[in-house]
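Number of protein chains: 4
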Amino acid sequence: MAGARLGERFVLTSYGESHGQAVGAVVEGCPPGLPITLDEIQSELDLRRPGQSKVTSARSELDRVEILSGIFNNNTTGTPIGMFIWNKDVDSRPYEELGHKPRPGHADLPAWIKYGGFNDPRGGGYFSARLTATFVMGGVIARKLLATLFDTKIVSYVTEIGGIRAEDVSVDRALSDRYSNEVRCPDPDAAERMVEAILQARREGDSVGGIIQCVVQNLPVGLGEPIFSSIDSDMSRALFSIPAVKGVEFGAGFNVAKLRGSENNDQYEYHDGLVISTSNNSGGILGGLTTGMPLTMRIAFKPPSSIARPQKSVNLLLKKDEELVVRGRHDPCVLPRAVPVVDSIVALILADHAIRAGSVPPVLKETK
Amino acid sequence: MAGARLGERFVLTSYGESHGQAVGAVVEGCPPGLPITLDEIQSELDLRRPGQSKVTSARSELDRVEILSGIFNNNTTGTPIGMFIWNKDVDSRPYEELGHKPRPGHADLPAWIKYGGFNDPRGGGYFSARLTATFVMGGVIARKLLATLFDTKIVSYVTEIGGIRAEDVSVDRALSDRYSNEVRCPDPDAAERMVEAILQARREGDSVGGIIQCVVQNLPVGLGEPIFSSIDSDMSRALFSIPAVKGVEFGAGFNVAKLRGSENNDQYEYHDGLVISTSNNSGGILGGLTTGMPLTMRIAFKPPSSIARPQKSVNLLLKKDEELVVRGRHDPCVLPRAVPVVDSIVALILADHAIRAGSVPPVLKETK
Amino acid sequence: MAGARLGERFVLTSYGESHGQAVGAVVEGCPPGLPITLDEIQSELDLRRPGQSKVTSARSELDRVEILSGIFNNNTTGTPIGMFIWNKDVDSRPYEELGHKPRPGHADLPAWIKYGGFNDPRGGGYFSARLTATFVMGGVIARKLLATLFDTKIVSYVTEIGGIRAEDVSVDRALSDRYSNEVRCPDPDAAERMVEAILQARREGDSVGGIIQCVVQNLPVGLGEPIFSSIDSDMSRALFSIPAVKGVEFGAGFNVAKLRGSENNDQYEYHDGLVISTSNNSGGILGGLTTGMPLTMRIAFKPPSSIARPQKSVNLLLKKDEELVVRGRHDPCVLPRAVPVVDSIVALILADHAIRAGSVPPVLKETK
Amino acid sequence: MAGARLGERFVLTSYGESHGQAVGAVVEGCPPGLPITLDEIQSELDLRRPGQSKVTSARSELDRVEILSGIFNNNTTGTPIGMFIWNKDVDSRPYEELGHKPRPGHADLPAWIKYGGFNDPRGGGYFSARLTATFVMGGVIARKLLATLFDTKIVSYVTEIGGIRAEDVSVDRALSDRYSNEVRCPDPDAAERMVEAILQARREGDSVGGIIQCVVQNLPVGLGEPIFSSIDSDMSRALFSIPAVKGVEFGAGFNVAKLRGSENNDQYEYHDGLVISTSNNSGGILGGLTTGMPLTMRIAFKPPSSIARPQKSVNLLLKKDEELVVRGRHDPCVLPRAVPVVDSIVALILADHAIRAGSVPPVLKETK
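Protein chains in written order, with numbering that gives the first Met the number 0: chain A, 0 to 367; chain B, 0 to 367; chain C, 0 to 367; chain D, 0 to 367.
It is worth saying that the hints were derived from the structure and are not from the lab.
Built from N, CA and C at the ideal position, the CB exists for glycine as well.
Warning: the hint list may mix true and false statements.
[Stated by the list, open to error] Simulated crosslink set (DSS-like; lysine-lysine; CA at most 25 Å straight-line):
#1 Lys152(B) with Lys364(B)
#2 Lys311(A) with Lys364(B)
#3 Lys53(A) with Lys87(B)
#4 Lys364(B) with Lys318(D)
#5 Lys364(D) with Lys152(D)
#6 Lys257(D) with Lys53(C)
#7 Lys364(C) with Lys152(C)
#8 Lys257(D) with Lys311(C)
#9 Lys53(B) with Lys87(B)
[Stated by the list, open to error] Just some of the chain D residues that point at chain C, by a computed CB distance under 7 Å:
#10 Gly221
#11 Arg259
#12 Tyr267
#13 Ala299
Isolated chain A (complex conformation) (with noise of 0.2 Å):
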């Protein structure tokens, strides 16, 4: 019942439910003297935001952010930041059965009896992905934090859907071209190939997953706090509080499991004075602490639960099996629009750590 919480130093507070008034944050522990502008924020969210592309849900949300504290004269103040979006397309008629009629997939059935009955069902509720555009809130002063003083980059985009898969890219491709096309994919041509699939199967009522991965160029070396709040530790933590995700893995990944000790040690070498390793197995991650080597991880989303075909399901009050077809608009495919949720969701873990591990000055500079 207090899960609404992310980080220690780099706090994010996340309300609201998906046809309530408002979703909102509330950001602590930035300090003063970041620049930080409306627009800044907003343009993150209209990359997440719902009813842009062919692809999406046809929710129509302009998610116009407004500031309430914490930024004033364009920088952060060091007191609590207040933002929200107030919920305005909203149809809640395709729920009203399913408080009593789970949808498989969904958190209907165990949110029913979590919270007896009392929570808003009203399109997933305080369960809705629509809780996410918190996470951007947060994540966009949290990446301004990091590249403002590390130079950090922070790069997710699209690498499978619907098993395709794209060809690998350079970080710099990647940052350059993953908003290039609706999937965010920086192939371009598997992208062609994933938005085809995801057509495909919205047209047969269905929906498809894929994997996001996400690399981190730029950051001190010994973030994390071993051993339970270790940099992997954390980051998975907050990597699995978005809505579908069903595996997360850092470096080789499930890929060790087949390697032998020769083959996954990263060796190392010195390179123009600095200590690097001259292969990244390990991920940027050693004992639960950033190495100074790119940040790797790659994160699996489920197929949206939300289909259009009838699914088997029960009559809570009634008490016996019964058909459903899920009605409203969905998503036929989250990846897309989770690019920006992933690169925040990171951002925040990665700004709480520099925090924490005494990287971040009290003030960030001079005032005039």
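With chain A's structure known, arrange chains B, C and D on it following the hints.
Chains B, C and D in isolation, oriented as in the chain A frame:
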């Protein structure tokens, strides 16, 4: 610097270094009235301790646990439980040069930078897998709590080592047979080949990785606190705190990337008056909450970094490349000893969430 | 930088600045099924808002609360409750010089140093007592929860202002009469003199302090988590978070310094089958736990720092001494408006500890 | 049930029971490179241990501290510091009946209810003041950290016992003379009368209370995290965690109730280029932040509850009134032994906040 703590209401605090005086645990939040004996804790620790078989490290530690507080007349008192084991069979000579000559794949390099050279490098210090003994100390109590209240069964076992995959077995079979061989794999044929793979790797001065699967039966519905303390969030955080873990997945895991919604959704039906799902791709988790279906997860462990073969490293004092030959007594494969550790970590998170969900009474039984 | 949060399981997060856009609260951890209406929250806020009587600030704020989430069909949902009020009657002109000319007795100087000049100085910014409106937002819900479950009565009232002490009254009398006058003191004679003392101070460009007493009846025994979250520990922490508080005592308080053990110990006897104590010097707290006797505490509030008289200050830019005349609209005494704030803070801590002690069911009632 | 922890970034975890095996501490968050020896910790513990003078308990404990981890080559490593002392001179016979015959003024009754009779009642168990030895273990390290970085001086001393008040002395005098007598009061005349008052009370089978004052010099400006982790909030929380404390005040404390704003406000002026205040009614705290002026606080301790005189109690098993005569070895006054405990608690909070404010470097010195 404050990552020594796992859990919100059932809390483990871990301390110690591999070659220091002792490693210990403080367990807070266990309600009063849980019967527990020294022997129960010792038996589980014995499953983890080294020096027991030909596939593990030769370090011979008795790991006799001492209880310092919190258990009185063989019942928990409700106040913090202090426990520890002395470090005895310590041979620190091989570590003399490690402070400034980092082992590939180990925490040595980022730890040296983070702690400015003050951390205890002997045996990996605080980063040693020896600290997982403290997970077991707390895990035994958590497991007993869950078993007492819900008849919960937590069953971890090895399913893959060095590329050799075991056959699928039932949970009952896994529970009864997992400790029948040295690699803790309930498929005896695969187990035999895994032993051979480990011994072969050791003969070649190398090491192997693998996968542990964990299934949990008999859990209350609704454990987990969305968004950021969802059951998968907190579970993954804890699992990545085990040294050598590089990937975690729940239910269908990474395979969801290839599935369609119609394949992945677990459909509902009534079965003897209870709602069940006819498949379990969700791994018993929807919306970050337990569903009542078995919780299933898979955890990838890398091959141990400490291998006998010469590797490329650097001398941090002389600032030049140097070959490294790691000495000392090391496990050629961590998975066999990690099985009780995974059980423990899973139990700790579930006990914490059972308390947080209000499923645990404040006093466990009537006093006589 | 992350002090915006009160509580472990029933959690208030507060944001806002006195002259910013809004001040708001996020309340986590209230179980689902608590009936609550907008009017209930508004009524309590009305007791705190300024501009209502001749003894308070002339700032006229309607403080109309908006509920953004967490309440659905007039019941709590179990998910975070977002609420806020807009700042409307803002006059920031008097604060233009305050950024660099600190008011004696205010946070101006240490805040200017801590936040490097980036904090919002208008109206005290985040340090304004206006933030206590958010305590009330959360406090209403906490109080309703406690009243519903335990019939708990939380009764704060003024016992001293400007050196004038009220007669002792019964808790029932305090409850019924405390809001019958402008100073919220249930002794009408003393109240009259207190009003006069406040007006006299205002006429002289000055301000007065005083004491609020709080008595809580009908609490479960055993609330509190020794050692460091004992009920007095957490309560005092919360009370000192109210601006202007300089002293807190429980039961016999500072007077214990003069008592002998034989005088101070509250002896036991059976009374109608229940164990009671024949005195209550402990203030209902032993060993950091509630005893079942009334919880009693006294809180000292300093006279408001913002006074009309010229005071000695410094110009931080010119680095020289300068006289300061504080302008703006200020309360000559904070106690009357602080009464609902103390009620709220006390309720928040008790609700949190009731949940932590396992005294609160996870769902509060049957859904229809 | 999880109150064993103090601090966010510099964290003390305390465990143990008065007559169990041991009492111990885990200290997290001290940066690496702080020189500390076993002797430094032992010396401070010696100031607290019983059996040293005619005004304290006759229980004779050597309290030899053992360091289990976190200190290597006489420097902190940056990882958790485990420490404990064995319980040796234990005589549990007097406690046999206490489980069901609660001592007036003690935690016995609420603890018996909260823990369902499973808590260890011997010597007060977890509620014993013996646990304050763990505060000292952590406090020594915190104090050394503050002294090393800021030359901080924390000076607690007795100012009142049994109604006898000491003369005011300078901080320097308090620092040099406080340990020159058995009651730790720097006014020798008052000290003599205090000793007599304690002995007189003991002769009469009774006990006495008093007041400890604490002054802290040389602190960074801006420590504290408003609103809810303000420096006075967190400090009072920690002080009320010391057994027997019933009141806490800062600066002018309860006396502010009688002051006008013009009297209470500490006005500013430049002094040798620094802004100081010409009085210190704020006690060095404004808006919950340290101001740079000395931090001053007063703490009221009740007379010990364990007195030899017969008292009225109840038999919880027979459910009837019964007279109680408390046996065992008890302090007739806790204040002398509480002086190093207050020093320690104050240091722990300040060290935590110094880290949180970014005033502490992540590594304390160059390694050789």
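Hint check:
1. Proposed proximity of Lys152(B) and Lys364(B) is supported: the alpha carbons are some 21 Å apart, at most 25 Å.
2. A distance of roughly 42 Å separates the Cα atoms of Lys311(A) and Lys364(B); the hinted pair therefore is violated under the 25 Å criterion.
3. Between Lys53(A) and Lys87(B) the CA atoms are separated by roughly 65 Å; this puts the pair beyond 25 Å, and the hint is violated.
4. At roughly 21 Å between alpha-carbon atoms, Lys364(B) and Lys318(D) fall within 25 Å of each other, so this suggested pair holds.
5. Of the supplied pair hints, the one linking Lys364(D) and Lys152(D) holds, its CA atoms being roughly 21 Å apart against a limit of 25 Å.
6. A threshold of 25 Å between alpha carbons decides the hint, and for Lys257(D) with Lys53(C) the separation of about 21 Å falls inside it, so the pair holds.
7. Taken as a hint, the Lys364(C) and Lys152(C) pair is honoured in the structure, with Cα atoms around 21 Å apart against an allowance of 25 Å.
8. Under the criterion of a C-alpha separation no larger than 25 Å, the hint pairing Lys257(D) with Lys311(C) is consistent with the structure, at around 22 Å.
9. Only pairs whose Cα atoms come within 25 Å are accepted, and Lys53(B) paired with Lys87(B) is accepted, the gap being roughly 21 Å.
10. Among the interface hints, the one on Gly221(D) holds; its C-beta lies about 3 Å from the nearest C-beta in chain C, closer than the 7 Å criterion.
11. Because the beta carbon of Arg259(D) sits about 5 Å from the nearest beta carbon in chain C, less than 7 Å, this interface hint is met.
12. At a threshold of 7 Å, the smallest CB-CB gap from Tyr267(D) to chain C is about 5 Å, leaving the interface hint in force.
13. For Ala299(D), the suggested interface contact is upheld, since its CB lies about 4 Å from the closest CB of chain C, less than 7 Å.
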